Amino acid sequence: MTDYIKRNLTDLPDEWGYFGAFGGRFVPETLMPALDELIAAYQEAMADPAFHQELAHLQRTYTGRPTPVTYARRLSEHLGGAQIYLKREDLAHTGAHKINNALGQALLARRMGKKRIIAETGAGQHGVASATAAALLGLECHVYMGSVDIARQQPNVFRMKLLGADVIPVESGSKTLKDAINEAIRDWVTNVRTTFYLLGSALGPHPYPMMVRDFQSVIGVEARQQMLEEVGRLPDVCIACVGGGSNAIGLFHAFRDDGAVDLIGVEAGGHGVESKQHAARFADLSISRPGVLHGTRSYVMQNEDGQIMETHSISAGLDYPSVGPEHAYLREIERAYYTLATDGEALEAFQLLSELEGIIPALESSHAVAEAIKRAPQMSVDEIILVNLSGRGDKDLDTVIKALGE
Amino acid sequence: MTTLIGRGLQAIDAMFRAAEQANRAAFLPYFPIGFPDYDASLAAIEAMAQVGVDGFEIGIPFSDPLADGPTIQAATQRALENGITVKRCLQAVKALRQRGIKQPMLMMSYLNPLLAYGVEAFVKDACNVGADGLIIPDLPPEEANLFAEVCAQEDMALIFFLAPTSNQARIRLVAKQARGFIYVVSLTGITGARKDLPEDLADFIARVRAETDTRLVLGFGISQPEHARMMNELVDGFIVGSALVRAAEQGTEAVQNLAQSLRAALD
Chain A
1 MTDYIKRNLT
11 DLPDEWGYFG
21 AFGGRFVPET
31 LMPALDELIA
41 AYQEAMADPA
51 FHQELAHLQR
61 TYTGRPTPVT
71 YARRLSEHLG
81 GAQIYLKRED
91 LAHTGAHKIN
101 NALGQALLAR
111 RMGKKRIIAE
121 TGAGQHGVAS
131 ATAAALLGLE
141 CHVYMGSVDI
151 ARQQPNVFRM
161 KLLGADVIPV
171 ESGSKTLKDA
181 INEAIRDWVT
191 NVRTTFYLLG
201 SALGPHPYPM
211 MVRDFQSVIG
221 VEARQQMLEE
231 VGRLPDVCIA
241 CVGGGSNAIG
251 LFHAFRDDGA
261 VDLIGVEAGG
271 HGVESKQHAA
281 RFADLSISRP
291 GVLHGTRSYV
301 MQNEDGQIME
311 THSISAGLDY
321 PSVGPEHAYL
331 REIERAYYTL
341 ATDGEALEAF
351 QLLSELEGII
361 PALESSHAVA
371 EAIKRAPQMS
381 VDEIILVNLS
391 GRGDKDLDTV
401 IKALGE
Chain B
1001 MTTLIGRGLQ
1011 AIDAMFRAAE
1021 QANRAAFLPY
1031 FPIGFPDYDA
1041 SLAAIEAMAQ
1051 VGVDGFEIGI
1061 PFSDPLADGP
1071 TIQAATQRAL
1081 ENGITVKRCL
1091 QAVKALRQRG
1101 IKQPMLMMSY
1111 LNPLLAYGVE
1121 AFVKDACNVG
1131 ADGLIIPDLP
1141 PEEANLFAEV
1151 CAQEDMALIF
1161 FLAPTSNQAR
1171 IRLVAKQARG
1181 FIYVVSLTGI
1191 TGARKDLPED
1201 LADFIARVRA
1211 ETDTRLVLGF
1221 GISQPEHARM
1231 MNELVDGFIV
1241 GSALVRAAEQ
1251 GTEAVQNLAQ
1261 SLRAALD
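Listed in order, the protein sequences are those of chains A and B. So for the first sequence, this note's numbering puts the first residue at 1; every next one is plus one. So for the second sequence, this note's numbering puts the first residue at 1001; every next one is plus one.
These are calculated hints, taken from the structure and not from any lab test. Don't take every hint at face value.
What the hints assert, rightly or not - Quick list of simulated restraints, FRET-style, between CB atoms:
no.: 1; chain 1: A; residue 1: Ala-151; chain 2: B; residue 2: Arg-1078; range: 43 to 49 Å
no.: 2; chain 1: B; residue 1: Glu-1226; chain 2: A; residue 2: Gly-138; range: 54 to 60 Å
no.: 3; chain 1: B; residue 1: Glu-1226; chain 2: A; residue 2: Leu-137; range: 40 to 46 Å
no.: 4; chain 1: B; residue 1: Asp-1155; chain 2: A; residue 2: Gly-138; range: 42 to 48 Å
no.: 5; chain 1: A; residue 1: Glu-332; chain 2: B; residue 2: Ala-1210; range: 41 to 47 Å
no.: 6; chain 1: A; residue 1: Gly-64; chain 2: B; residue 2: Asp-1213; range: 46 to 52 Å
no.: 7; chain 1: B; residue 1: Ala-1169; chain 2: A; residue 2: Leu-136; range: 44 to 50 Å
no.: 8; chain 1: A; residue 1: Asp-11; chain 2: B; residue 2: Lys-1124; range: 34 to 40 Å
no.: 9; chain 1: A; residue 1: Leu-136; chain 2: B; residue 2: Arg-1078; range: 31 to 37 Å
As the structure is a computational prediction, the values presented were derived from the model and not from experiment. The C-beta atom is built at its ideal place from N, Cα and C for all residues, glycine as well.
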């Protein structure tokens, strides 16, 4: 049993890692002591002002935080409705929000005396962030990446290698993020005594969903304050894309008690719900229901027999058959709402934001922009939408050129 | 061949008693239903029963077997491609019983397919077709309340694991909830045949023995008659999986020969 002490930061998860009926720890026994150890180390770090100071110092001097909030004037005028603001995680070092969590966990790894870090990656952003944090702190880094994702995210593969990380192609299953996580867990089971698993999204066994959320919550904490300072009030709607859901939970967390602020998560609609080729875990309940994947209970895309289904999204970072357990909970208690954007809608948003604002968004973030494009015209000009622009799109140029060429 | 009476926990207990009387460890092969195909998997299990193995771990395939190494990953992937479902695995156990196989059979599955089937429905159906217990590698005792309750109602074994990383508190926790035996993972890692077993294995087993009298069944890495011979001194039973699955690529006879040599090493 763990000597887990409930923290004041938030009520959830409970001591067993549950957000309502979602979460938990469903892993082989070999990893259970490692999770206990991680929980204890995390609690200890959170209670240590020196840990917070070091993380805050790195965020300021290395990541470039706080990232700004940008008013998207031309996009707002073009749409003719609500005013759209962008939380610019694309401007964080390495080009996405993933660095927030990677630095936090890498500091924790060093604190625990683990010199070897493993990570999984889909789009490559978490892999790059992990490789970066490992380089900064002098840790050894191995990144598991599906071979399909390696093919569509070449620039990030090269970046990881430049940063001194070892990129291990995963050839099993759908050869995407899901399979990279399987392989990372197998590595962790094998090397658990020396290795820290730097999990990149708000999923996996407890304490990962809590820990990743906490390290990402800097997004919402900053954005909330920036809106108050620059606009004088909170936004009416916060929008973020949801794969595993780390950038979304990072934005939502600070607004969770602001009842007047709608929280909207945008899943990958792929070729559309009817096509069954998507990663919309909350939208298509014909093939998605509560289940257990990668150590946590949440919504899982699966066939009638409980076999995990292959997903599709133009964005590698959203191409995952499950979703962080806290999102399943926020949806159930109706604190957050979830919708989807198709590949086509994300591509249009990608182009529109580039043309009107001079900002090339990641394809993942383009899903959130697409939702803002749908909503803004239906809202009044004095209403405000805050979009989490979770990453920049340079890594996606090949994919977009191909998609638009077709 | 041993003749066993009863089913569920009783049958498993009888299996260990018979082995204990012969001063040897019980040998439980793992084999997945549907590899190389449905009929061949049943034939392999039947062939092993004929050479006097003591019980079986019957594998239900899963798309994401994160505790398994390449051999079992590939085999269970092939089983899924062959259209094997949880229902088909239950039918397989029923068919094996109809063919006269008397040894205890424990069904091994990752959690999600069982959740999709329905926990209560699965345990009842497994019991009805003649299975004696469940092995669920991604279900630690902390999360197992519902399974424990339903298995107790049906007198089925529910097997939990211990690993070299398990500390004293976890050994006690698992021992308290164990029903049937404890599956002791020989090494920190995933399934797969290994040439050598870990050097500190005896220390690890002693650490577990110091906390519990529950029977211990060792698994992961065991592949050769020399390994099997060590088991008599060390544990109450052992599981061999990947090595038998690999043999199945050469045909049923190769499976039977390997099972026979592993079994013979115990006498």
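A quick look at each hint next to the structure:
1. A:Ala-151 with B:Arg-1078: 43 to 49 Å: violated (25 Å)
2. B:Glu-1226 with A:Gly-138: 54 to 60 Å: violated (43 Å)
3. B:Glu-1226 with A:Leu-137: 40 to 46 Å: Once the Cβ atoms are compared, 44 Å apart, the range 40 to 46 Å for A:Leu-137 and B:Glu-1226 holds.
4. B:Asp-1155 with A:Gly-138: 42 to 48 Å: For A:Gly-138 against B:Asp-1155, whose Cβ atoms are near 56 Å apart, the range 42 to 48 Å is violated.
5. A:Glu-332 with B:Ala-1210: 41 to 47 Å: holds (45 Å)
6. A:Gly-64 with B:Asp-1213: 46 to 52 Å: Roughly 60 Å apart at Cβ, these two residues miss the hinted range, so it is violated.
7. B:Ala-1169 with A:Leu-136: 44 to 50 Å: violated (36 Å)
8. A:Asp-11 with B:Lys-1124: 34 to 40 Å: Hint holds: Cβ distance 37 Å, inside 34 to 40 Å.
9. A:Leu-136 with B:Arg-1078: 31 to 37 Å: violated (44 Å)
When the structure is compared with the earlier hints, violations turn up for hints 1, 2, 4, 6, 7 and 9 and for no others.
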